[in-house]
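Kindly generate the complete structure, drawing on both the sequences and the hints.
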Amino acid sequence: MFHSLVTLDDRDIAAILEALEEWCSARGVEIESDQGRRAMAIAVDHVQTKGTSAELLAEISAQLDG
Numbered sequence: 000m001f002h003s004l005v006t007l008d009d010r011d012i013a014a015i016l017e018a019l020e021e022w023c024s025a026r027g028v029e030i031e032s033d034q035g036r037r038a039m040a041i042a043v044d045h046v047q048t049k050g051t052s053a054e055l056l057a058e059i060s061a062q063l064d065g
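Quick note on numbering that gives the first Met the number 0: the sequence shown kicks off at 0 and runs consecutively.
For the record, the hints were derived by calculation from the structure and aren't laboratory data.
Accuracy of the hints is not assured; some may be wrong.
[What the hints assert, rightly or not] If you anchor each label on the Cβ, the simulated ranges turn out as follows:
| id | residue 1 | residue 2 | range |
| --- | --- | --- | --- |
| 1 | Gly50 | Gly27 | 25 to 33 Å |
| 2 | Val5 | Lys49 | 12 to 20 Å |
| 3 | Ile12 | Ser32 | 18 to 26 Å |
| 4 | Asp33 | Ala61 | 12 to 20 Å |
| 5 | Gly27 | Ala57 | 13 to 21 Å |
| 6 | Val5 | Ile30 | 14 to 22 Å |
| 7 | Gly27 | Thr6 | 24 to 32 Å |
| 8 | Arg37 | Ile12 | 15 to 23 Å |
Virtual Cβ for every residue (Gly too), placed ideally from N, Cα, C.
What follows is the structure, encoded as structure tokens:
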């Protein structure tokens with residue numbers, strides 16, 4: 000999964016990590032856990048398919064909390 004980050008620019012990577020840290024922290028989930036990895040995959044997929052890092056936290060929450 001982390002190899003997917005190579006294709007992203009620094010701003011997108013920073014936004015992904017920020018959203019991931021916020022989501023995991025709010026739910027008491029470790030980033031290295033299965034849920035943390037799923038959240039990372041959702042965030043990377045969102046940026047790659049939408050071409051934007053906007054609304055990452057909302058997208059992670061919609062898919063995993065919902």
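Those earlier numbered hints the structure runs against, lowest number first: The structure breaks none of the hints.
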